[in-house]
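Take the working numbering: the final residue in the sequence shown is number 224, and no numbers are missing along the way.
Source of the hints: derived by calculation from the structure; they are not laboratory data.
Some hints could be false.
Said to hold, decoys possible - Mimicking DSSO-like on lysine-lysine, the simulated pairs with C-alpha atoms at most 30 Å apart in a straight line are: (1) K111 x K200; (2) K202 x K76; (3) K221 x K111; (4) K139 x K202; (5) K111 x K172; (6) K149 x K76; (7) K149 x K188; (8) K132 x K172; (9) K139 x K111; (10) K221 x K188; (11) K202 x K132; (12) K154 x K111; (13) K154 x K38; (14) K149 x K116; (15) K216 x K149; (16) K76 x K221; (17) K154 x K222; (18) K38 x K116; (19) K113 x K154; (20) K116 x K154; (21) K76 x K113; (22) K76 x K188; (23) K149 x K113; (24) K200 x K132; (25) K172 x K149; (26) K139 x K172; (27) K139 x K200; (28) K113 x K38; (29) K188 x K216; (30) K188 x K111; (31) K38 x K111; (32) K76 x K216; (33) K116 x K221; (34) K202 x K172; (35) K154 x K202; (36) K188 x K116.
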Amino acid sequence: MKYLLTTLLTILTLSLSYAQTNAEDELGAWYTLSGSHKISNNFSIGTLAQLWLFEETQNFNFILLTGGLNYHVSPKLTTTIAFSYADIDGGFNTNSPHTFENRLAEQIVFKHKTSKLPIDHRFRAEHRFFSKLNTNTTKHRFRYRLGTKIVLNKHLFLRLNDEFLVTLNSNKLTENRFYSALGININKSSNLQFGYLNRKIKGQNFHRLQVSLFFKTDLRKKKS
Numbered sequence: 001m002k003y004l005l006t007t008l009l010t011i012l013t014l015s016l017s018y019a020q021t022n023a024e025d026e027l028g029a030w031y032t033l034s035g036s037h038k039i040s041n042n043f044s045i046g047t048l049a050q051l052w053l054f055e056e057t058q059n060f061n062f063i064l065l066t067g068g069l070n071y072h073v074s075p076k077l078t079t080t081i082a083f084s085y086a087d088i089d090g091g092f093n094t095n096s097p098h099t100f101e102n103r104l105a106e107q108i109v110f111k112h113k114t115s116k117l118p119i120d121h122r123f124r125a126e127h128r129f130f131s132k133l134n135t136n137t138t139k140h141r142f143r144y145r146l147g148t149k150i151v152l153n154k155h156l157f158l159r160l161n162d163e164f165l166v167t168l169n170s171n172k173l174t175e176n177r178f179y180s181a182l183g184i185n186i187n188k189s190s191n192l193q194f195g196y197l198n199r200k201i202k203g204q205n206f207h208r209l210q211v212s213l214f215f216k217t218d219l220r221k222k223k224s
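Input sequences plus hints: build the corresponding full structure.
Put into structure tokens, the structure is as follows:
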């Protein structure tokens, strides 16, 4: 496990150094706050707020706000329907008008183990409705994410996943996101992740720091 941790940190350091010397790829950041709120034995509400910056602490890129209803079919299988709102900047260091997005999504998450290694698959279909000035457009996108969580000890873990995104009217892979992070368990219901994300889209290669807080709450009525 010490070897895995050392390897992850080495890859992260090299990747960030590369990003700082590449004029195309500014070293930006994605900040995420994600919650899961249990409302019954089979249902929970998911919340997400995500902020993207072109630089570590400045230069707005994108903000996404999401709310969804999860149905837990079993401990291994969860389905979700969600709505999102997004504000998208016109471009790096430009004064172009922002694009605003309303998004509907359907999602399935399936978990299992392979040789004791936990594996999770996330399948998501998105229906994206864009508005920019007086122009409205619609796009549909499919996403598949393959991931794992490697426990180092009771306090630390590694999170790794790779996601493929395809816009349905393009007939080709339109985006790939690789994510690696060191996670810290704050308590049984929350964890903090510090990671690196490599985003390849439209011939561009972006390197992003990621700081994410994940937490769970239980809103079910307590039995007296």
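We went through each hint and held it up to the structure:
1. Distance check on the hinted pair: K111 and K200 sit about 26 Å apart at the alpha-carbon level, within 30 Å; holds.
2. Distance check on the hinted pair: K202 and K76 sit about 34 Å apart at the alpha-carbon level, beyond 30 Å; violated.
3. Proximity of K221 to K111 is assessed by CA-CA distance (about 28 Å); at most 30 Å being required, the pair is judged to hold.
4. Between K139 and K202 the CA atoms are separated by roughly 16 Å; this keeps the pair inside 30 Å, and the hint holds.
5. For the hint linking K111 to K172, the alpha-carbon distance of about 27 Å falls within 30 Å, and the restraint holds.
6. For the hint linking K149 to K76, the alpha-carbon distance of about 15 Å falls within 30 Å, and the restraint holds.
7. Between K149 and K188 the alpha-carbon distance is near 15 Å, which keeps this suggested pair within the 30 Å criterion.
8. Note on K132 and K172: the hinted pairing holds, with a Cα-Cα distance of about 25 Å set against a maximum of 30 Å.
9. Simply put, K139 and K111 have alpha-carbon atoms about 29 Å apart, close enough for the 30 Å limit, and the pair holds.
10. For the given pair, K221 sits about 20 Å from K188 by alpha-carbon distance, which is consistent with the 30 Å threshold.
11. Distance check on the hinted pair: K202 and K132 sit about 20 Å apart at the alpha-carbon level, within 30 Å; holds.
12. Between K154 and K111 the alpha-carbon distance is near 21 Å, which keeps this suggested pair within the 30 Å criterion.
13. Distance hint between K154 and K38 is fulfilled; the C-alpha atoms sit about 24 Å from each other, no more than 30 Å.
14. Proposed proximity of K149 and K116 is supported: the alpha carbons are some 11 Å apart, at most 30 Å.
15. This hinted pair checks out: K216 and K149 have alpha carbons roughly 17 Å apart, not beyond 30 Å.
16. About 25 Å separates the Cα atoms of K76 and K221, which keeps this hinted pair within 30 Å; it holds.
17. With a CA separation close to 28 Å, the supplied pair K154 and K222 stays within the 30 Å bound.
18. Proximity of K38 to K116 is assessed by CA-CA distance (about 28 Å); at most 30 Å being required, the pair is judged to hold.
19. Straight-line distance between C-alpha atoms of K113 and K154 comes to about 19 Å, which keeps the hinted pair within the 30 Å bound.
20. With a C-alpha separation of about 17 Å, the suggested pair K116 and K154 falls inside the 30 Å cut-off, and the hint holds.
21. Among the hinted pairs, K76 with K113 is consistent with the structure: their alpha-carbon atoms are about 10 Å apart, no more than 30 Å.
22. Proximity of K76 to K188 is assessed by CA-CA distance (about 19 Å); at most 30 Å being required, the pair is judged to hold.
23. Between K149 and K113 the CA atoms are separated by roughly 11 Å; this keeps the pair inside 30 Å, and the hint holds.
24. Note on K200 and K132: the hinted pairing holds, with a Cα-Cα distance of about 24 Å set against a maximum of 30 Å.
25. Between the alpha carbons of K172 and K149 the distance comes to roughly 29 Å, so the proposed pair stays at or under 30 Å and holds.
26. Proximity of K139 to K172 is assessed by CA-CA distance (about 14 Å); at most 30 Å being required, the pair is judged to hold.
27. Simply put, K139 and K200 have alpha-carbon atoms about 19 Å apart, close enough for the 30 Å limit, and the pair holds.
28. Our distance criterion of 30 Å between C-alpha atoms is met by K113 and K38, whose separation comes to about 24 Å.
29. Only pairs whose Cα atoms come within 30 Å are accepted, and K188 paired with K216 is accepted, the gap being roughly 9 Å.
30. Of the supplied pair hints, the one linking K188 and K111 holds, its CA atoms being roughly 19 Å apart against a limit of 30 Å.
31. Simply put, K38 and K111 have alpha-carbon atoms about 19 Å apart, close enough for the 30 Å limit, and the pair holds.
32. Among the hinted pairs, K76 with K216 is consistent with the structure: their alpha-carbon atoms are about 17 Å apart, no more than 30 Å.
33. For the hint linking K116 to K221, the alpha-carbon distance of about 35 Å lies beyond 30 Å, and the restraint is violated.
34. Straight-line distance between C-alpha atoms of K202 and K172 comes to about 11 Å, which keeps the hinted pair within the 30 Å bound.
35. Distance check on the hinted pair: K154 and K202 sit about 40 Å apart at the alpha-carbon level, beyond 30 Å; violated.
36. The straight-line distance between the Cα atoms of K188 and K116 is roughly 21 Å, inside the 30 Å bound, and the hint therefore holds.
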